[in-house]
Structures are given as structure tokens and as C-alpha cells.
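J.: If you follow the hints, you should be able to join the two separate chains into one complex; please do so.
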Amino acid sequence: MAVSTRPRQALVLATTLALALSAAACSGDSGDGDSTAGSSPECAAFDKYSGSDGTTVSIYSSIRDAEADLLEESWKSFEDCTGITIEYEGSGEFEAQLPVKVDGGNAPDIAFVPQPGLLKRFADAGKLKEASADTKAMAEANYPKEWLDYATVGGKFYGAPFGSNVKSFVWYSPKLFAEKGWKVPTTWDEMTALSDTIAAAGIKPWCAGIESGDATGWPATDWIEDVMLRDAGADVYDQWVNHTIPFNDPKVASAVDRVGKILKDPKYVNGGFGDVKSIATTSFQEGGTPILENKCTMYRMASFYANQWPEGTKVAEDGDVFAFYLPAVDPAKGKPVLGGGEFTVAFADRPEVQKVQTYLASGEAANTRAKLGNWVSANNKLEIANVGNPIDKLAVEILQDKSAVFRFDGSDLMPAAVGAGTFWKGMVDWINGKSTTEVLNQIENSWPK
Amino acid sequence: MEFQDFAPKLTMLLYGVIAFVVVVGGLLLLLDVVPNFFARRREAALIAAAEAPADGAAPGAPPRRGLRRKREGLLGLAFMIPALLLLLIGLVIPAIRTIILSLFNGNGEKFVGLRNYGWIFQENDIIRVLINTLAWVILVPLLATSVGLLYAVMIDRARFESVAKSLIFLPMAISFVGAGIIWKFVYAYRGEGDQIGLLNWLWVTVGGTPQQWLLDPPLNTLLLIVVMVWIQAGFSMVILSAAIKAIPADIVEAARLDGVTPWQMFWRVTLPSIRPSLIVVVVTITIATLKVFDIVRTMTNGNYDTNVVALEMYNQAFRYQENGQGSALAVFLFILVIPIVIFQIRNLRRQREV
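So the sequences go chain by chain: A and B.
If you read the first sequence in full-length UniProt numbering, its first letter stands for residue 1, the second for the next number, and so on.
If you read the second sequence in full-length UniProt numbering, its first letter stands for residue 1, the second for the next number, and so on.
Chain B with its partners taken away, still in its complex shape (with noise of 0.2 Å):
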């Protein structure tokens, strides 16, 4: 190839970068200026606000405080106008449609009350569906919350700190599609030959026959139970490590002069200590394992027994057409959200009035 093939393509990819440098630029400049600005002129007139009294005019000065702060809630209203607007086309609309078309049949002609949320529970292929998501969401979060929490606990000061950190963290900047792959590779059967997958290499290795991991249930679902635990390890032991190191230090001091063990240190003081970091983390992995679908899709697509409530989703509203069905699916998936965002939400009023 030559170097005027590609030159193109290089000018293309300049063109690129400065587009890229110039708007986000831009827009940080924009960011920055602009409350700079506001900042400074609310600066100069509570300066001038504060000579005013000495020109005596006292009762001029309520009526000239409404009318800031009117003009300060206008500004306000104008900076959350973008956002609501945004929330609205893209959250709040879609979702009362979501609801509507959950109503109605395949096509969304005819009205058919609740049959979308009762073929939920009739189906066969619907109820695997929900039980298997089931597993995912008591599983997840209970895995990748104990062996982050075990991990964050046992390199706590070690040596190599950060590297063993950043080696469990390492999972978290990969795509769940990315992953996917990788563990089909993992999983990967040959039914002669050298064994290309890692699990039947070491299982051959240590005398048995190469398995089609991904083939049978439950055992497939629990294997790519793993996958998400991979990846979601890494987040809880961050977040888990850091509210460790926030534990007041005399604390840790009081109890090692009481004399605990490091079994109770654990239980006992650590534990309670870092309750909030933990719910926070639960509850987030909790709601991304409900909603888990790529890695679904990129390993088994649903085959063998293994499909999941957001993968039955998509297929049902894009790929069958029947968006009713779907539509019900995505209504119900949010319902079952509901519950840990409500949990959320008086876990983190209860915090603040403490």
C-alpha cells in the first residue's frame, strides 16, 4: 500500500481530532465561562447591594431582593429547561408508551387489556426466562460483592496495593460485549483435536473429556453468571476499598487495644462501618444485572435455556414484532426495579438525617 492511499484517510482523521478538540473545547470553555460570568455579576451586585444602604434607601431594599431572587429562579428554570426537555423526549414519553403498547397486540391495532402480562406467566419459554433472571439477580450481586469485598479486605495496606487493585479493576473498562466473547473463547469446545478453550484445555489436562460448557442447563447460566461477576468484582472492590480506608482510624485503634480478633475486627467494626458503601453497591450491581443482555446475547443469544428478561425483551419487540409482548416484558422488568430503587432512595434520606 502506499502512503496516498491512506493520506485521505489521515487528513480524514485530522479533520477528526480538531473537530473533536474545538467542539468539546468549545463546550468546556462554554462551561466554564459561562457560570464564570453569572458568578461574577451576582458578585458585583451584592457588592453594589451592600454600598446601597448607605444611600439610606432602606425600604427600597425587600422588594429589590424578590426580584433577584425571582430573576435567580428564572435562571435556574433556564438552565434545567435542556434537561427536562431531554428528559422528557427521551425518558418519561417513551416510557408511557412503553405502557400503552404493553396494552395492545403484536401490531398495536388491537386493545387486549392483560393478556401481554398473563402470557408472561403462561409460557413455558417465559417462566425459564424469568427464573433464569432470577438466579442472575440473587447471584450477581451477592458474588461480586463478596469477592470484592474479600479482595479489598485482604490487600488492605499489602505491599502491592495498587497493582493488585488495578489488576480486579482491569475487567470493569472492558465492553460486556467484549467480555462476552472472550469467555466464549474461555468456554470454547473442540470435539477432537487440541482444545483452543481454556476450561476444557485444563479439563483435559487433568483427565477429562472436553465438555460443551455453554451447552447445558443449569450449568450454562451459572457460567455466565461468572462473566458478570468478573466484571462487576472490580466495581464493589473500589468502591469497597475506599470506605475501608475511611474507617476513622481510632476506631480500628480502640478495637485492636480491646484486643479483637481479625475475625471480629471484620464482623464487628469494618463491617457495620462500611454498611452504606455496601447497600450502594448491592443495589447497583442488583439493577445492572437486571438488566443484563449483552453477554447473553454475545454467547449463547438465549439458546439453551439461558435466556433473560432483557434479551426475551428485545427479541420480542424488534426481531418477533410482537410489541405487546415486549412492551409488557420492559413494563414488568421495570416494576421489578422499583422495589431497590425505593430501598435506595430511604437508605439515602435515613443517611442524611444522620
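So that you can see chain A by itself, here it is in the shape it has in the complex (with noise of 0.2 Å):
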């Protein structure tokens, strides 16, 4: 990390001087500021949240390291420009941390929560404060209305979001297909006679790995979430997400088998790692590199595993690896997307928080924090010239295609006994032999009453 702390102390000495100054100059309501930051020509686009000089806003999320000064630059000008000074924070172990906070009532003031089932038991909670009409009009201005459901709760607005990913990507090696002659392909049937081909061509077409630490087990999900997307339709899997239908309907079963034909079919995967079993212990990291040797094919993996390339590797649509669009079964149905995203939630009421909020909903947040790079976000103000590699831009665009239809990533959905809990830890049994009825029996008793 080469932030140097130097500059950020001058801010802090900056502001804290600012504060004195304008204490002292006027004792009365600072109202519509002329403050002593907003008037150069590059802040004007920052006037509106212009008036809170000299305080301070913590925000908490599970971004860390390189993205996470990424973030900090983002919002930079913004705090050159408002006086507002953002202390950031990001942990490794946010979703646990954040409740521990929360309940001993030391809660930031603003949150990036990835997950709508906490964003939702904080509301219930009480605990959320509604966001201001400034930031609901300003998401409602720049994010689609399925987004701000998620954030919705009993009616009320909570947060904007602000970084999204797209989940339904399946890389794969350019060249390689290009060499052999194969096609990227459109729909499910394609996918399969494709996967035969391949095998039948000696190399394993699928790689797969679910090991993530404390978190092993998630890319299954993803990978059922999005056959249950495909197969059974939004409606279905709205059903399913909140529990109308049952965790072991026959309607989920039939996708987590139409998921196992793939990963638990031993002619398919795991290229480069070893039998079925191998999944359950590849990392997702490393899952996906045996491509570029060429010993497998296809990964099913977020847009965001663009990062996790080996230095050098060249990802773009005539490079080493790409991604494509995975197939509907029924490409009559619409093209249903998978994805997640952070909503930007608040602890605080302040002017200052709020002002933050809003800011974070603009345009002008994303576009600054997009030309930074490797980023990706649904706000539709986002320009896709400001998206950097050639990935982000193809999940910009479908992130913003009005035919697309959008689901957010299920398990994070769910409560967090079974969204973090049970349904990842029977993915992994899943995976290591158990079959799909037991599996799917023993998530649905897990489901809180």
C-alpha cells in the first residue's frame, strides 16, 4: 500500500484549521456556504453538498487494500471540494463485525452492505436510518428499480447501491477455441454438445473450485442460483429466495441437478485439479487458471475474476482468456442475470452523512471511481467509455441492457443461517458425494423460523 499518510494528515490539519476559521468568522448558521473550499471552478459540480465543512464521516465495508484506495482516491475531491473528511475503514470480516458494532453501539455512519438479508435485519432492527429524499431521488434517478428493491424495506428507502458485479460469465480461452474451431456458445443445448466435444477432444471441459475459506462453498451457490434463474424462471426463484416455495421443492432439485450434470459429471470437470471431489478443496482463485494451460475450458466465475489473471495475461476478446454471456436454457424466456452489488447504508442522520450518501449515488461517484479502473457499477450515468478493461465494459453493457432480466445473487438474499451457512456448507457436501434430495432436506430445516 503507497498511500502516504503525509497528505492525508495536511487534509486533516486543513480541515480542523478550516473548522477554526470559519468558527470564528461566523458564529451564526453557516446556511448556504460560501465556504472557503466550494468556490474553485472543479469543485462546482460539489456545491450542492457544499455546507457541512469540517466534519467527518466514517464508512465501513469489506473492501480492503489496492480496491480500497481506489475508493479513497475516488472520493477525494469530493472531500477537497465539501470539507467533509470520510474516514474509511475495510475488514475481512465485515459481515460478522458490522452486527458486533451495530448492537454495541459503536455503528459507522455509512456501511456498504453486500447483502440485502442484513441490510434487511438491520432495518427491522431499527437500526438503519430511511435515506434522505436528496439520495432517494438521486437513485431513483440513476439505478434500475429492481436494484432499489433490495434496498426497500416495509416501504421505506435505505440506501442507494454503488459497486455491482455480473455473475453469469463463464470464461474461457479465445485462442484456444479459435485454434480448435469452436463456438462460443448461445444457449444451454449449445453449452452441452460444446462440453461433449471438448471431452471427447481429451482435455476436460470445465474447471471449478469452491474453497474460500471461511466462505467455501459460495461459487456453487452461484452456480445453482443461476441454473435456477435459467430453468425455473425469476418468478420461481423469487419464490424460492424468500422462502414461498421450499429449499427441497422439486423445481430446486431439478437445478442443482441440471448444475450437477456438469460439476459432478467426471468426463467434465476438474481440468487441471483431479476428480469431482477436487472442487470442494480447489480455491476460486486458483480454479479458473488452468485455462491458460489449457487444461480445461470453461469457468463459470463472476466478472470480477478478471483480477485474478496472473500478471500479463491478456483479457479481452482476441486475448488469453474472455468471458462469455452463460446461456439461457430458454433464450425465449429473456436473458436473466445474476449479479450482486454493495448498497451504501446509514447508521447517522447528520447533514453531512446524508450528503455523503447522496454523493455516493451520483454519477459523478461512479464515473470517478469507474476511470480509476476495475470497477463496475449498475448506476446507468455510468459512462462506458470510463470502464477500463474490455470485461467491466461487457458487464457494464449488460448490466444496463433493458432486455436483461436481473436477479440479485440469491444467497445473499437468504438469512444468513442458510445464505452464509447451511447452503454453502451442502453445496460442499454436495460436491464430496451427498445426494441432491439430502442436501437440499437438511438447508430447508436449517431455514430460521
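Think of the hints as simulated: they come from the structure by calculation, not from any bench.
Please read these numbers as outputs of a predicted model, since none were measured by experiment.
Among the clues, some could well be false.
Claimed, not checked - Straight-line alpha carbon distances no greater than 20 Å define the calculated DMTMM-like cross-link-like pairs of lysine to aspartate or glutamate that follow:
hint, chain 1, residue 1, chain 2, residue 2
1, A, LYS295, B, GLU192
2, A, LYS127, B, GLU123
3, A, LYS120, B, GLU109
4, A, LYS267, B, GLU192
5, B, LYS184, A, GLU73
6, A, LYS145, A, ASP401
7, A, LYS264, A, ASP189
8, B, LYS70, B, GLU43
9, A, LYS449, B, GLU192
10, A, LYS434, B, ASP125
11, B, LYS110, A, ASP103
12, A, LYS371, A, ASP134
13, A, LYS335, A, ASP214
14, B, LYS291, A, ASP214
15, A, LYS381, A, GLU140
16, A, LYS295, B, ASP194
17, A, LYS434, A, ASP235
18, A, LYS449, B, GLU109
19, B, LYS110, A, ASP124
20, A, LYS402, A, ASP189
21, A, LYS261, A, GLU438
22, A, LYS48, A, ASP134
23, A, LYS127, A, ASP103
24, A, LYS393, A, ASP134
25, A, LYS449, B, GLU43
T.: Here it is as C-alpha cells:
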């Protein structure tokens, strides 16, 4: 992490000074600020957020390291122009730590919550503050309605989405495909036929890996969700996620079995790593890398996998690796897209907190962050020209595609006991040899009553 | 990298070291000076009291002594208050809160009675957790203690005793998480090519095909237990070795004169003599084993049927937001430890009576 601390110290010093000066200058309401910072032309865009000079807003999220640096860089001009200091903290234990912080009376001002299920829990408990009218208007102008619904609990809107990702991708090697004359499949049947062709050529067509430390199993739940959307349709998907149909419903079982036809077929997996069971112990980061050695050819993984390729790998339509859209089972039913993203919810309703929340929902914030690279958002003000790598461009295109039927990652919508617990664990057992029925019954039993 | 880039960090380090020395040194000084001060005052008071009867004020003595005892009691209390306060905040209140939480539902809003306790014994997954924990609690103390004992007896008065001892004691210095990671490498698996895992390398060398050691129950739980035994054997060896050395030489000599075989020596002399230490070792390891968490979390994260109570408790309470069920598991764990603690206390009492 190359961020030096000195400029930040200077900033703190400057804001403290500014605070002291402004306090000395006008003892009354600082109101419609001709605030010290907001006057220069490059700050014009931030005029509407002015008037909270010298305040501090804390943000807590699961985004860490290099990505966190980019995030902090992206709101630097906002900080400089408005005089609001954003104190950012990223944590690898975000999901476990946030409830502890909130229940302990130590909540951050704003949290980026990537699980609508967790968001709902805080909203139900009355811990979250309803988003301000400004934030709501900004979010409604910039984000599709499906996205806003995930942040609406009991008719109250709690915060706009920010970063997003598209999960319905299959990574492959354009080089190898061109060399062998294989075509990118556009329907599920074509994909199955292609898998058979590849297997007949002596290559394991699929690679897979679901090990992810604490969260082992999630890549398999994404598989199931993607196929649920394709197999049963968005309505049934919603029923499944909201538990209006049981987890062991025959429709779920048939989706799981469809995934099983790929992941549990020893002829198809697990290229570069071993047998079917090796999926359970292969980390999702390593999972797709055998594509580069032609040991496997296809890897279903989200857009953010672009960051996992070794240095020097060309991610492009004519490069070493690229991704295609995981085809629909029945294209007539539309183009289902599975994705995820984080929502910027607030635990405080001080004016400066609302200003930051509104700013994060704006097209300005999305474009500034996207320009720094490796970032995607469902924000429809995001200009594709500002998105750096080709896979992110493809993701943004899909997110902004009006014909796409978007659904949020189901395990993030379910109660944590299932979505971050038995569903993950069940998938590991399933890969490890347990039957579909047994696993689904077990998950159904664990749904919180 | 220029040295300048490091300079601020090094200065920080220097500050850290200085702060450490000042704080720790100050504390040590305080702990040394304060009791000394009181000891000297008491000494002075005692001397004064000894000289006092010379003044002929005999009737005045008892109330003064009473006063002194009272003052000493107050002083004792003053010293105990911080510890009691910390115990209250850090142990008693959380324990009570956990018991209360265990009677409520996931978010702590609805009273559900003993449902969470019923849940422990209904879910197949949780029953599996209980069985695994039982396996840990039976096998680890047994294996760790016997390995430690065997080692202690074998190296007793051997030529390179201290070297041999430090070798087996070394794992004690490694954290459970560190040990978990080390052993994860030992069990590592590669489908093809060179095996990076020690165990698979050995296995392939003797002609086997590479195995996913941590994938199939019950073998995986046994392999995790090996890690705990590896850590705890050193502890048991050190304590038992000290106990063996403390056996009075005349007893050993008398036994020798009676012409015992080494076998008889071990069962009839050594073992009964070190019985109290043996119990301490077994009890300590048992309690540590009941709490095992880090090893399982680092190595399998409780997947593949290797989960144990302490890890499931953490998962339920903090990851799944099911505080009620998590608390119930915590209370259950607490109940499991109670008999062991009572046994230990009774044991200590009996020893004191002897």
C-alpha cells in the first residue's frame, strides 16, 4: 500500500484549521455556504454538498487493500471541495463485525452492505436510518428499480447501490477456441454439445473450485442460482429466495441436478486439479487458471475474476482469456442475469452523512471510481467509455441492457443462517458425494423459524 | 527502496520500543515498590507495637490490633477490587447474558424457552458436531498424555535429554492457527504432478495414489486430532518429566533393591507417584480440547463433517446471526466443562488434606 500518510495528515490539519477559521468567522448558521473550499471551478460539481465543512463521516465495508485505496482516491475531490472528511475502514470480517459494532453502539455512519438479507435485518431492528429525500431522488434517477427494491424494507428506502458485479459469465480461452474451431455457445444445449466435443478431444471441458476459506461453497451456490434463474424463471427464483416455496422444492432439485450434470460428471471436471471431489478443495481464485495451460476450457465465474489472472494475461475478446454470457436454457424467456453489489446504508442521519450518501448514489461518484479501473456499477449514468477493461465493459453493457432480467445473488438475500451457512456447507457436501435430496432437505430444515 | 522511506517506520518502531519499556518498566517498578512500601510500613508498625508495651498501655493493645486487622482487610479489598471488577465485566456478566440470550430467538427479541437446547440434539449437522467433539475430547487427552508420558520416561536421564525435550516442546510455542496452516501443507493434495504435501509425497513414494486426506470422515477428524496431539504432547511431557524427577530417590532405590523389572517400575512406582501431575495434565488438555476452534477453522473450516462445538458456536452467533442457538451451544459447552472442573477442585482438596 503506497498511500503515504502525509497528505492525509495535511488534509486533517487543513480541515481542522478551516473549522477553526469558519467558527471564528461566522458564529451563526453557516447555511448556504460560500464555504472556503467550494468556490473553485473544479469544485462546482460539489456545490450542492457544501455547508458541512470540517465534519467527518465514517464508512465501513468489506473492501480492502488495493481496491480500498482506489475507493479513497475516488472521493478525494469530494472531500477536498466539501470539507467533509471520510474516514474509511475495510475489514475482512465485515459480515461478522458489523452486527457486533452496531449492537455494541459503535456503528459506522455509513456501511457498504453487500447482502440485502443483512440490510433487512438492520432495517427491521430499527438500526438503519431511512435515506434522505435527496438520496432517494438521486438513486431513483440513476439505478434500475430492481436494484432499489433490494434496499427497500417495509416501504422505506435505505440506500442506493454502489459497486456491482455480474456473475453470469463463463471464462474461456479465445485463442484455444479459435485454434480448435469451437464456437462460443449461445444456448444451454449448444454449451452441453460443446462440452461433449471438448471431452471427446481429450480435454476436461470444465474447471471449478469452490474453496474460499471461511466462505467455502459460495461459487457453487452461484452456479445453482444462475441455473435456477434459467431453469425455473425469475418468479420462481423470487419465491425460492423468499422461502414461499421450500428449499427442497422439486424445481430447486431439478436446477441442482442440472448443475450436477456438469459439476458432478467426471468426464467434464475438474480440469487441472483432479476428480469431482477436488472441486471442494480447489480455491476459486486458482480454479480458472488451468485455462491458460489448456487443461480445462470453461470456468463459470463473476466479472471480478478478471483480477485473478496472473500478471501479463491479456483479458480481451482476442486475448488469452475472455468471458461469455452463461447462456439461457430457453432464450425465449429473456436474458437472465445474476449479479451482486453493495448498498450504501447509513446508521446516522447527520446532514454530512446524508450528503455523502447522496454523492455515492450520483453518476459523478460512479464515473470517478470507474475511471480508476476494475470497477462496475449498475448506475445508468456510468459511461462505458470510462470503464477500463473489456470484461467490465461487457458487464456494464449487460447491466444496462433493458432486456436483461436481473436478479440479485440469492444466497445474499436469504437469512445468513442459510445464505452464508447451510447453503454453502450443503454445496460442499453435495460436491463431496451427498445426494441432491439429502442436501436440500438439510438446508430446508435449517431455515430460521 | 531508499532508507528515507523506512525512516518514519523505524522512528515509529523506536517510539514503540520506548513506550513498551516505559510502560512495562513502570508497571514492574510499581509492582515492586508499592508492596515494599507497605511491607516496610508494617514492619515499622510491628516494631512500634513491640516497643509499645514498655509504656505500660496493656489495655490499649487489643483495639489497636483490631484496628490494624481491619485496615489490612480494607487494604486487601482495595487490591482485589480491580480483579473482581474485571471478572465481573469480563466473565460474570457475559456468562449471565449468554444464558439469557440462549433462551431467545436469533435476534434476541422473542422468548423461545428451551427450544435452542432442543435444536442442539435435533439437527443432524449438530449431532455430528457433538460426536466429533466427543472424539476430540476422548482421543486428544489420551494420546497427548500417553505420548508425553512415554517420551518423558524414555528420555529420563538419557544423554541428550534437554535437546530431546526441547524438540518435542517446540510445537507448544506455535499458535494453533500456525500449527493448522503448517499441517494443512502436510496434508496438501495435488491431482497431478509433484506432490507438495509431505504425507502425499510419502504415500506416492511407497506406491499409493495421491489422497485428499481432509475430505473423508472419519479419517479427516483423526488427522486434525493429530495436530492437537502434536501441540499438546510437549506440554504433557514437560510436566510429567518434572514429576518423574521429583519421585524421591529412596523409593526408586528401594524398588531397585527389591529387584523390580522396568515394567513393574513403571506401573508400580512411577505411575502412582506422578498420579497428581497426570491428573492435572489430563484435565488441562481436556479443557483445551473442548474449546478447540482454531485448528478446525484454519484447516477445514468445519466442512466435510469435521465441525466441533466451539466453531459451530462462533458460526451460529456471529456469521449466521443466530444468537440464540450460538448461546445455547456456549452454555452447553460450559456445562460440559463443569464436571471436569469439579473433579479437579475435589482432587486439589484431597491433595491438600494429605
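J.: For each hint, tell me whether it holds in the structure or not.
T.: How the hints compare with the structure:
no.: 1; hint: LYS295/A with GLU192/B; verdict: holds (11 Å)
no.: 2; hint: LYS127/A with GLU123/B; verdict: violated (32 Å)
no.: 3; hint: LYS120/A with GLU109/B; verdict: holds (15 Å)
no.: 4; hint: LYS267/A with GLU192/B; verdict: holds (16 Å)
no.: 5; hint: LYS184/B with GLU73/A; verdict: violated (38 Å)
no.: 6; hint: LYS145/A with ASP401/A; verdict: holds (13 Å)
no.: 7; hint: LYS264/A with ASP189/A; verdict: holds (18 Å)
no.: 8; hint: LYS70/B with GLU43/B; verdict: holds (17 Å)
no.: 9; hint: LYS449/A with GLU192/B; verdict: violated (46 Å)
no.: 10; hint: LYS434/A with ASP125/B; verdict: holds (13 Å)
no.: 11; hint: LYS110/B with ASP103/A; verdict: holds (17 Å)
no.: 12; hint: LYS371/A with ASP134/A; verdict: violated (25 Å)
no.: 13; hint: LYS335/A with ASP214/A; verdict: violated (32 Å)
no.: 14; hint: LYS291/B with ASP214/A; verdict: holds (19 Å)
no.: 15; hint: LYS381/A with GLU140/A; verdict: holds (12 Å)
no.: 16; hint: LYS295/A with ASP194/B; verdict: holds (16 Å)
no.: 17; hint: LYS434/A with ASP235/A; verdict: violated (28 Å)
no.: 18; hint: LYS449/A with GLU109/B; verdict: holds (13 Å)
no.: 19; hint: LYS110/B with ASP124/A; verdict: holds (14 Å)
no.: 20; hint: LYS402/A with ASP189/A; verdict: violated (25 Å)
no.: 21; hint: LYS261/A with GLU438/A; verdict: holds (17 Å)
no.: 22; hint: LYS48/A with ASP134/A; verdict: holds (10 Å)
no.: 23; hint: LYS127/A with ASP103/A; verdict: holds (9 Å)
no.: 24; hint: LYS393/A with ASP134/A; verdict: violated (29 Å)
no.: 25; hint: LYS449/A with GLU43/B; verdict: violated (68 Å)
Consistency with the previously given hints fails for numbers 2, 5, 9, 12, 13, 17, 20, 24 and 25, ordered from lowest to highest.
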